[in-house]
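Sequence lines, in order, name chains C and X. Here this note's numbering is used: the first residue of the first sequence is 1, the next is one more, and so on. Here this note's numbering is used: the first residue of the second sequence is 1, the next is one more, and so on.
Hint data in this document are derived by calculation from the structure and do not stem from the laboratory. It cannot be assumed that every hint is accurate.
As the list claims (entries may be wrong) - With a straight-line Cα cutoff of 35 Å, these simulated DSBU-like cross-link-like pairs (lysine-lysine) come out:
#1 C:K327 - X:K95
#2 C:K293 - X:K95
#3 X:K106 - C:K284
#4 C:K327 - C:K213
#5 X:K42 - C:K188
#6 C:K284 - X:K138
#7 X:K95 - C:K316
#8 C:K325 - X:K138
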Amino acid sequence: MQCRITPSRPWHASHELNAIILIAMLWYPAAAGAAAEDAGASMFSVSAFGTLGVVHSSEDNADFTASSEQPNGAGYSHSWSPDVDSRLGAQATAHFTPQLSAMLQVISEQLYDKTFRPHIEWANITYQPTPEFSVRLGRIVLPTFLISDSRKVGYANPWVRPPVELYSLSPVFDSDGADVDYQMQVGKLVNTLVGTYGNTRFGTPGGGELDAKRLWVIADTVEYGPLTLHIAYQQSSYTFHFLDPLFDAFRQLGPQGTALADKYDLDNKSAQLITAGAMYDPGKWFVTGEWAKRNMHSAIVESTAWYLSGGYRLAKFTPYMTYAKVKADGNTSDPGLNVSELPPFLAGPANGLNAGLNATLGMTAVQNTISVGSRWDFMKNTDLKLQYDHIDLGSGSAGTLVNVQPGFQPGGTVNLFSIAIDFVW
Amino acid sequence: MKCRNPLGGCALYALLSLAVGQGRADVVAVVSSTSAVTTLSKDQVTDIFLGKVSRFPNGTQAIPIDQADGSPTRDEFYATYTGKSPAQVKSHWAKIIFTGRGEPPKAAATNAAARQLIAANPQAIGYLERNAVDSSVKILVQP
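Start from the sequences and build out the full structure, keeping to the hints where you can.
Here it is as structure tokens:
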């Protein structure tokens, strides 16, 4: 099962305010731009980024989405979908003193409820007593993956989108809490250690909210010239009531039903994510790869994903190629209730519940994708990307596809064609 | 360079610069003449300008001074020192800015303005076209 989640935050009462903030940030460019060019320090700086993209899928009976947070995508919902990659972000940073600063980043993109209303992606206060040490309080995007905190900034990345196999492994991308950042330099080697602790809660496309508590990440990044190495460990206790009716029904059927419900429910379970990634970018070319494993101790099956990508820069063009894979480590089926141990009149309901459980486990994403594309830096602060993806779905699996329709054939192949324009200013 | 004899001096200068630098500006990394720093490798300069480190090897804080976005001096500096195109440098900073991890160096509008800022601050580090260097700044020696 892909976990479909998105940021609808405790602050969602202020969506109109978010929209006003976003618009105000976008229409405050001239003064801020001029200030940035001037070496004289200004307390405030404003910047923005965005992507306008469309995706076409060869599969009409299911949707391709870029993340588990999106309810709609390319294929079933739209032949050419603008909802997968398009977004607009604006950020304001205030430097009160050299040690104390604050940032606010608001993004408009497709949310779990199919709206594009702006939401707060980042909002925190940073205290940095020395250049090597900082503490942040507020909403922070987690540093779990190599580029998880910059995954929405298309211009900062070589592809149209980060490989969905790995970047859909965990639905939890941010936290309301604190982080501590410590940098150490030994000769040419720069080591950055980050620890974060907090909570998050958000609405999901399938309905209901996912609640992650005692959410912490420890991440270490080593930079040595053009080489970047990153490892991280993420842990939380999460609850997701979406499947409660299924497990409540299992619990009606005696000890074996209770045992199955306890094994697979998503009530106060622990989740672990372990990741390792590397990037080598000497300028003329790059190669990057990442590996991650999740264990959520529930009907969300234990899985491993990885990708390897490389590109070569030819003047303003950067053609690239990526191979990405996600596989299930746990069982994607279960014998379920032993019907022969139940009274005959319960055989029908028990078989129904077993089918429900197996349908849930069978939603585990198993697929691999070969992507080829090119970035073209055709204009200052703006790029155009074209990307072709060939997805090979695992046997019996719909992969990361969602909104699967009755006519869908699992285990096939899907071709995607994407065009995106990314910008920053 | 002001040409008093446009037919002679300028043509010779243009030919010389073509021969020496294939028409590209010769850009050098500099610090204030009052700075204690004298030697810095290309990689060390690169790390400071890309925001990877914030101190000179002697431990004092380094304040990088950029030149105007799109200026030939700036593009030449980043190409020579970091091996990155203007788009790659912008992309690098997009990753840092939009994760709240820092902001790019402040930019001076011209070589003269950059020289003035660098000269005035012993913590500053910048780059200038070689012919814009004067006694207020010193060229960093590569080890």
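Now for the hints, and whether the structure bears them out:
Pair hint K327 of chain C plus K95 of chain X holds up; C-alpha atoms about 29 Å apart against a cutoff of 35 Å. Restraint check for K293 of chain C and K95 of chain X: the C-alpha separation of about 25 Å stays at or below 35 Å, so the hint holds. Our distance criterion of 35 Å between C-alpha atoms is met by K106 of chain X and K284 of chain C, whose separation comes to about 26 Å. For the hint linking K327 of chain C to K213 of chain C, the alpha-carbon distance of about 27 Å falls within 35 Å, and the restraint holds.
Pair hint K42 of chain X plus K188 of chain C holds up; C-alpha atoms about 11 Å apart against a cutoff of 35 Å. Taking the CA atoms of K284 of chain C and K138 of chain X, the gap is about 31 Å. The hint holds against a cut of 35 Å. Proximity of K95 of chain X to K316 of chain C is assessed by CA-CA distance (about 19 Å); at most 35 Å being required, the pair is judged to hold. At most 35 Å may separate the alpha-carbon atoms for a hinted pair to count; K325 of chain C and K138 of chain X exceed this at roughly 53 Å.
Hint 8 alone, counting from the list given before, is not met by this structure.
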